[in-house]
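Peer 1: Residue-level listing of the chains:
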Amino acid sequence: MPSIIAALLNSLDIAMLLFVIAVGLNIIFGVLNIINFAHGGLYMLGAYFTYTLVGRLGLPFWPALLLAPLAVAAIAAVLERLVLYRVYGRHVTDSLLLTFALLLIIDEGVRMIWGSGIHVVRPPELLQGRVNFAGVSYPLYSAFVITSGVVLLAALWALFNRTRIGRVVRAAAIDRDMAQTIGINVPAVVTGVFAFGAWIAAIGGVVAAPMRAIDPGMGDKIIIESFIVVVIGGLGSFPGALLGALVLGLIHGFGGRYLPQINLVLPYIGMALVLLWRPHGLLGRRAAA
Amino acid sequence: MNRNASAPSASVAAGAAARPSGWRLAVPLSLVLLLAVLAALPSFAPYFYIFVVTEILIMGLFAASFNLIFGYTGMLSFGHAAFFGMGAYTTAMLLLHVELPLVWALLASMATAALLALVIGFLSVRLSEVYFAMLTLAFGMMVYAVAHQWRSLTNGSDGITGFLLRDFGLGLDLQLADPAVYYRVVLAVVAIAAAVLYLITRSSFGLMLRAISENPERVAFCGIDVRRHRLAAFVIAGLFAGLAGALFAPFNRVASPDMLHWSQSAEPVLMTILGGAGYFLGPFFGAAMFVLLETWITSYTEHWMLFLGIALALLVMFFRRGVLGTLLDRMLRR
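Chains as they are written, first to last, in my numbering: chain A, 3 to 291; chain B, 11 to 344.
The hints are simulated quantities; they were obtained by calculation from the structure and are not laboratory data. Bear in mind that the values here come from a model prediction, so they are computed numbers and not experimental data. Keep in mind that the hints are not guaranteed to be accurate.
[Claimed, not checked] Calculated from the model, a selection of chain B residues having no Cβ within reach of chain A, i.e. all distances over 10 Å: (1) Pro38; (2) Leu39; (3) Val42; (4) Phe54; (5) Ala155; (6) Leu180; (7) Ser213.
[Unchecked claim] Pairwise CB distance ranges (calculated): (8) A/Ala215 <-> B/Ser162: 43 to 49 Å; (9) A/Leu69 <-> B/Ala190: 57 to 63 Å; (10) A/Val153 <-> B/Leu324: 52 to 58 Å; (11) A/Arg124 <-> B/Ile234: 46 to 52 Å; (12) A/Ile271 <-> B/Val42: 48 to 54 Å; (13) B/Asp168 <-> A/Ile6: 45 to 51 Å; (14) B/Gly166 <-> A/Val122: 45 to 51 Å; (15) A/Thr54 <-> B/Ala205: 43 to 49 Å; (16) B/Thr305 <-> A/Gln130: 48 to 54 Å.
Idealized CB from N, CA, C, for every residue including glycine.
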């Protein structure tokens, strides 16, 4: 029984991280209608900035949690204004190619600046140590990750459903021409949404930094997992991102413990089964195609 | 969302349509000349160039097979290495365990790669292009994960090594271990495969694929099964990618999981964009530029991927027709 609870708790912190990345992908897809292949790269930049701020410059963790995502959001805004906007209105493959090019550039740029080795960031003093939960000893930091995931989930839900900004973004997502006609500055919304998605991804990167190894492959790893999350949950679906992240988190938490000989392949098997059963994902709308 | 439904930029039809009559003979003639020079290459070029051109030919076939689904059908696959790697592993294992003549190993590799493409394609071509890009990347990495984890079959991250090239089969007496001989075999196989691929693109099936890339909804309204055509194109592309991988394994002397990684899938994408998706020979031209640039740039810096990323971004933004495509467009429209 304690081992089941341990696997469950392990699943949850992975799930929260995946949710944070997948929800950003979904928000960007909703407004820009593109899948951002560079999203994992932005997450990775968040982690590397944290390493530089905390590990190199000796700053405490909390300012890094504020500064690193802002820096990544600024970079994303510049990329959208200088690069991505050029292919709006072209065939969808062009925007996929461009974000893929950004992925290559960020991956190799990170290797150039920080090297190919693994870096480590220690959790803040406040969150070191372990807690006991239902008879299982659990790292305090993982509890923090789960809590921040839940807070972010609630904040995003409130933002999109309860504020004027949320309504404007949803309007631009549903019909950008109509939104433009009624006076919404759609290009600004598009830039803002892309930067916002990057900001969320970078928060994920900062939060992941003390619990995962920081290496140049971390962005690729998380983006592929987020794709699985998005496909399982349904592209463009906010609750789908949560459900997909939970499913994949459970696959990781339990697969790693009980089926270690095939644990790497399990997520894909899960994805293939969902595709066979519900091609548009568990909570996806048919219209999404 | 309507802004992505407008004119597809990967249109293949535009280049081939308005060709002035003077050029009609020039292209086949220069191709025959090129093939003659390539066939004679071992008699005057040093081994280093034989290796480089062998790689260009194999990667060119890999990129051309990718372009059947990208340039012609309008679907961007980020998992094409799965079929390349499947071909490489099939040939490596058959040469190691069964000691088959090469030609049968090549044919078997095409079969296994096509079978894998049928499974992945069945799950991936059902939804939009955006889903397709994500799913092909994910399933490509699934094959990579399998190759890593199924150690008893694939030997894990070490890959399959130690296989020997014996005879070619079909009663031909060829010293395949000689790089010059292997190069000529590659040249012949790639030329035949390219000719078959070209005929496919010029057939009514190929025409249908182009129509699908221009406007899938309209084709569907005409009573055509879009999904089945896309799947057929995907399987054919996988089959030829498998052949390219099967030729690559003996050349490279190893079939390793690296050949299945997404960065391997990026190569045909980059080659095709570099050369130009709009012409049949674009991917071959792109492969030549890619391999030559790689040989040159990696002698200065290990960060060659950075150049690739920047080049890809600039090409997509400003020279969407690629280098060969832009050149030919200029020449043919004058």
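Peer 1: Does 46 to 52 Å hold as the CB distance between A/Arg124 and B/Ile234, or does it fail?
Peer 2: violated, 60 Å
Peer 1: A/Val153 and B/Leu324, beta-carbon distance inside 52 to 58 Å?
Peer 2: The hinted range 52 to 58 Å is violated for A/Val153 and B/Leu324, with Cβ atoms some 41 Å apart.
Peer 1: Far enough from chain A: is every CB of that chain over 10 Å from the CB of B/Pro38?
Peer 2: The claim holds: B/Pro38 sits with its nearest Cβ about 31 Å from chain A, beyond 10 Å.
Peer 1: Just tell me: holds or violated, for the beta carbon distance of A/Ile271 and B/Val42 against 48 to 54 Å?
Peer 2: Cβ of A/Ile271 to Cβ of B/Val42: about 50 Å, so the range 48 to 54 Å holds.
Peer 1: Could you say whether the range 45 to 51 Å given as a hint is met by the Cβ separation of B/Gly166 and A/Val122?
Peer 2: violated, 27 Å
Peer 1: Just want to verify: B/Ser213 was marked as not at the interface with chain A; is every Cβ pair farther apart than 10 Å?
Peer 2: With a cut-off of 10 Å, B/Ser213 remains clear of chain A, as the shortest Cβ separation is near 23 Å.
Peer 1: How does the Cβ-Cβ distance of A/Ala215 and B/Ser162 compare with 43 to 49 Å: does it lie in that range?
Peer 2: violated, 28 Å
Peer 1: Using the C-beta atoms of A/Leu69 and B/Ala190, is the stated range 57 to 63 Å upheld?
Peer 2: holds, 60 Å
Peer 1: Per the hint of 43 to 49 Å, is the separation of the Cβ atoms of A/Thr54 and B/Ala205 within bounds?
Peer 2: Violated - the Cβ-Cβ distance for A/Thr54 and B/Ala205, about 54 Å, lies outside 43 to 49 Å.
Peer 1: Quick one: are B/Thr305 and A/Gln130 within 48 to 54 Å, going by C-beta?
Peer 2: For B/Thr305 and A/Gln130 the Cβ distance comes to about 50 Å; the hint holds.
Peer 1: Grab the minimum beta-carbon distance between B/Ala155 and chain A and tell me whether it stays above 10 Å.
Peer 2: violated, 4 Å
Peer 1: Verify that the Cβ of B/Phe54 lies farther than 10 Å from every Cβ atom of chain A, and report whether the claim holds or is violated.
Peer 2: With a cut-off of 10 Å, B/Phe54 remains clear of chain A, as the shortest Cβ separation is near 37 Å.
The structure is inconsistent with the numbered hints 5, 8, 10, 11, 13, 14, 15, although it conforms to all the rest.
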